[in-house]
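Here the protein sequences come in this chain order: G and E. Counting from 5, one number per residue, gives the positions in the first sequence under the working numbering. Counting from 745, one number per residue, gives the positions in the second sequence under the working numbering.
Calculated from the structure, these hints are not laboratory results. All values derive from a computational prediction rather than experimental measurement. Ideal Cβ positions, reconstructed from N, Cα and C, are used throughout, including at glycine. Nothing false has been slipped in among the hints.
Calculated cross-link-like contacts (lysine to any residue; reagent style SDA-like; alpha-carbon spacing at most 20 Å):
| # | chain 1 | residue 1 | chain 2 | residue 2 |
| --- | --- | --- | --- | --- |
| 1 | E | 796 | G | 274 |
| 2 | G | 14 | E | 974 |
| 3 | E | 1099 | E | 1127 |
| 4 | G | 167 | G | 108 |
| 5 | E | 985 | G | 25 |
| 6 | G | 21 | E | 990 |
Which chain E residues face chain G? A few, computed with CB under 7 Å, are given here:
| # | residue |
| --- | --- |
| 7 | 813 |
| 8 | 822 |
| 9 | 970 |
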Amino acid sequence: MKIPQKRIHKFLRHGKKFPHVWCPGCSNGIVLGAIIRAVDELGYEKDDMAMVSGIGCSSRMPVYVDFNTLHTLHGRAIPFATGIKMVKPRMNVCVVTGDGDSSAIGGNHLIHAARRNIDLTVIVINNNIYGMTGGQYSPTTPTGAIATTTRYGNLDPVFDICKLAEGAGATFVARTTAYHAVEAQSIIKQAFEHKGFSIVEVVSACPVIYGRLNKQGSPSDMMRDMKKRGIPVAAYNKLPEEEKADKYPRGILVNIKKPEYTQRYAELIQSLQPEKGDE
Amino acid sequence: MAKKQTKKNVVLMQGNEAIARGALAAGVNFFAGYPITPSTEVAEILSVELPKIGGTFIQMEDEIASIAAIIGGSLAGAKSMTATSGPGFSLMQEGIGFAKITETPCVVVNVMRGGPSTGLPTKPSQADIMQARWGNHGDAPAIVLYPNSVLESYELSIRAVNLAEKYRTCVILLSDEVLGHMRETVEIPEIDNNKIIERIKPTIPPEWYKHYPETAKYRSPMASFGDGYRYHVTGLTHDAKGFPTNRADEAEIQNARLKKKITYHLDDLIQVEDYEMDDARIAVFAAGITSRAAKEAVRSARRKSRKVGMLRPLTIWPFPDEVIRERFKNVKAVVVPELNEGQMLGELKRVLGNKIKYYPIQKTSGELITPDEISAAIKEVRK
Chain G
5 MKIPQKRIHK FLRHGKKFPH VWCPGCSNGI VLGAIIRAVD ELGYEKDDMA
55 MVSGIGCSSR MPVYVDFNTL HTLHGRAIPF ATGIKMVKPR MNVCVVTGDG
105 DSSAIGGNHL IHAARRNIDL TVIVINNNIY GMTGGQYSPT TPTGAIATTT
155 RYGNLDPVFD ICKLAEGAGA TFVARTTAYH AVEAQSIIKQ AFEHKGFSIV
205 EVVSACPVIY GRLNKQGSPS DMMRDMKKRG IPVAAYNKLP EEEKADKYPR
255 GILVNIKKPE YTQRYAELIQ SLQPEKGDE
Chain E
745 MAKKQTKKNV VLMQGNEAIA RGALAAGVNF FAGYPITPST EVAEILSVEL
795 PKIGGTFIQM EDEIASIAAI IGGSLAGAKS MTATSGPGFS LMQEGIGFAK
845 ITETPCVVVN VMRGGPSTGL PTKPSQADIM QARWGNHGDA PAIVLYPNSV
895 LESYELSIRA VNLAEKYRTC VILLSDEVLG HMRETVEIPE IDNNKIIERI
945 KPTIPPEWYK HYPETAKYRS PMASFGDGYR YHVTGLTHDA KGFPTNRADE
995 AEIQNARLKK KITYHLDDLI QVEDYEMDDA RIAVFAAGIT SRAAKEAVRS
1045 ARRKSRKVGM LRPLTIWPFP DEVIRERFKN VKAVVVPELN EGQMLGELKR
1095 VLGNKIKYYP IQKTSGELIT PDEISAAIKE VRK
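Only chain E is shown next, with the shape it has when bound in the complex (with noise of 0.2 Å):
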């Protein structure tokens, strides 16, 4: 729990309890999870908090069921969230399916520990920044952040959310078991009302209402569940009305809107920390618990006046590309760390190709890297 300081709204506050507090902040009113380590504090400090404000907890018999709730739950008119880790993001996976091709808002936390499988429980992770975007079979895209502090723990579980609202997808908000259990210092920003995004409701009659209707910017108003606006929902590929159907032409536009609704979206998505790279010839590029040591690596590369800079995506899919290509342009080679085997260097050797040179730094072992390795592997590519 957060000990309160002199100062108001600083408190001691740990990564996952960032998140709850988010949630709280973001207008979460339903959670639905299933105990996994290290993700449990989220559920943990909701139980407590939920029903305290009218909002609903409960514990489900497993992950497939818990993210099954919160999609009912979210049909039904909650802003719905869910929080575990590995093996219970896997059981997930249809379920998320089930939430983008029905484009039910909903919030899915993933701490990551090692795997695969039990894997590592109390050791951090990167290793599903694929699973995240890939996890689910069919094609959607995904919305997924992950932060690299406490602080941002909090503001990206309110974007999580208000990402979800707004278009009425699944978000996925990753976290590391280090980000999630570490403690720092944050000074809670007060919540700005109007920064939190609702649910678009229909204004137009029950009879005139379609589900997934055909919108300039692919965002389209919602109904809940007893609104009077009785719609179908299914996970099998349907008309604009929500009735299932197997005609080329439907199942086109429908799929279609899955994809559109990102990609027309990707400057309000895709958010990056850009540090000191606008000299930058060596670059790294890093996300959640590893940018924090990358960062210090580049500090200490900058006392010694070396032109490294550090791009750190916020926002992991959709994958910056046009940013990376952007910032990329002066850079002769890229120091990538991450906590699995090369995930995101894969993407951005997909973005960049061969025109700069590749360090990865790769490790699974549980362990973090640190900024001396981040430092050595600077020097590596100076020589």
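Here chain G stands alone, though its shape is the one from the complex (with noise of 0.2 Å):
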């Protein structure tokens, strides 16, 4: 284990920013670490790398990096994210959300960018509540789950957010889990390196406050059931559909290719020129 270690700490920053927000079992830790290792495994230089996140638990993530990092408002990520991508297309742009922020009060910016195919890496740490303000029910909470503002147990329906995504023109969508952290590294990785729009859900865990209001055990039994009901893909299209209902599929959902957005507003620049000797 010293090997990670030592990786994640030349991405890490120094000084008062820790003891980090984050409560006893919460996932963000094991996502960062994955988003680092990525990083470090493409050997993207730190300078290029440009982290921004909205507000939120895991919004809470770019403090703690050494990158270009930007802070934002409720959901407002994506567009801060767009506008530095656009300006500097060569710079690697990753967005750290979490449900609410990307799917509730950002939800409108996530599928425009998606639709655009601009070339970022969203990472949605989806752990079905609102952890910062205290435990409200967010559009991934499961119906019929406590939250402090769903006392009576919740009666909307869930966001996929994958769906979302694919369903809005993202190109390449994927799920893993905090449990399978080298999997999740491993599409962080080729989230990366897609060009285009991309987008990966990482199921969490909440367990101080998810958790303990819908009964859940441990952190540790949160990942088991991480474990349990999240299944690669290509088995799970194969299961019986009653066999489905909980159980989520992972891994690389859409893979495909198509312009990206900062690279043709980059052809259109070309094509506006004057040609030389053309006075």
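Both chains come to you apart, so use the hints to assemble them.
Here it is in structure tokens:
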């Protein structure tokens, strides 16, 4: 375990940022580790990395990493990231967001960035709840689940963030879990490499709020649940319908090539330049 | 589009086009916006012109995304602008507050229309004077400019970009439906590159870099993302390096900085037009499109040898308190025409108290205030 620790330390900021704000048993640290290792494997320069987030527990991540980091407004990480990417297309721009941040308040931005196929990597850490504000229900809180604003059980149907992104035109869509940390690292790496809009939903655990409200047991119980319910997509597709109900597919769900937005804009700029000697 | 006339650089130009041309002259190379009447020409023109010069235009999904994108673009090193009107301006307020606290240069153009809500989309208004100052939550002063002609729209567009870069803040450029859509013959001045302000870049090594350092004049260098200075930007109250803080002493320093960088530079920021004020006993205080009628009324009063003058703020915020106190020393009464219910009148009263008499003319019907109406008010004062 020594080697990965060293890799992480190369990318973490030192000083008064630590201890971090996350609760014991939270999955955010696992996702941060997966992102860092993916960036390290790709050999991206820290100077060329921008990490942008909105508001929420997961959105506190940028402060800990030694990249160009931008902690923005609730729901708005994607348009901020769009501005960076449009102005400096050479930068690797990564958005870290939560389920509420990306699919409730920021849902509009998510679908339009996916539609444009702009080369951003969006990592949605889905813990099924608004953790930072104390456990209110989000668009991914399961129907019937308890949150501090659904004390009688959640009436809302849920968003499938991956399907939402796919429907909006995302060219790389994947789901993994905090339990499958090695897979998460590999998928995040592929998402970074993908030229176009990529989104990775990382199913994660909020044991302190969601887990406690819904009697999910210890953090490790919640991890075991991810192991049990997250099924590789090929195997999932073969399951009979009744067995799919409490499971979800993980792995790369969409991976297609389409013209990327900043590339197309660069071509537009090129096409408008006067030909040389054409005075 | 501007029609070429015989004289060099003399063109028939629309107010909104002048804002777009001014932005280009100032070096704006990133624009993100969302269509809204009566501001759309700014976006339309920049969508054509920016890619020609290697800049970038993007139409976002809403105004919230637009302000977010221009802040992101500015952090990446671009001179950034967006343009909108009432409803969009309301949506942008959270982002404007973010630009202020993170000290990220950008310009928001607000071509004012009648409100509240959808209001009168094709009619002029001056009812966002206060929103431009107090729209975002939390205290943070604003720099707000308001021209009154097509040429001045061009000039103040340049100035807005310059001030945003110079003071690292969100500058608001107001216009109104009539000013934005009217056409005037203007002689576009040659671009003087010496008058275009570029962001100060740090010259120290990255490990010494502070994104919000304490400096004598509250102006500080700014590295862009990708420049090799990896720093943190957050809308949370932060320390000098940009990291979130809950410490009262650090919060105090940063909040004071936002205020002082404006109040320390009032001489640079405040611009007024002083028309026949030297011996004036009656003044008209007006801005933007209304000041055109006001000037006509003053001119007509002067023809009758009446001692009437006009003071017009080009910088609405910070409000020109000292200039007003100075120029109104011998003024007995002030006529205050405005297309709102007294937003500037309240400020004047704050500055001048009950030393003088106030004659407000207020309209929110979507109609302009005419020179005759102002002349009538001047006549009323003289009774």
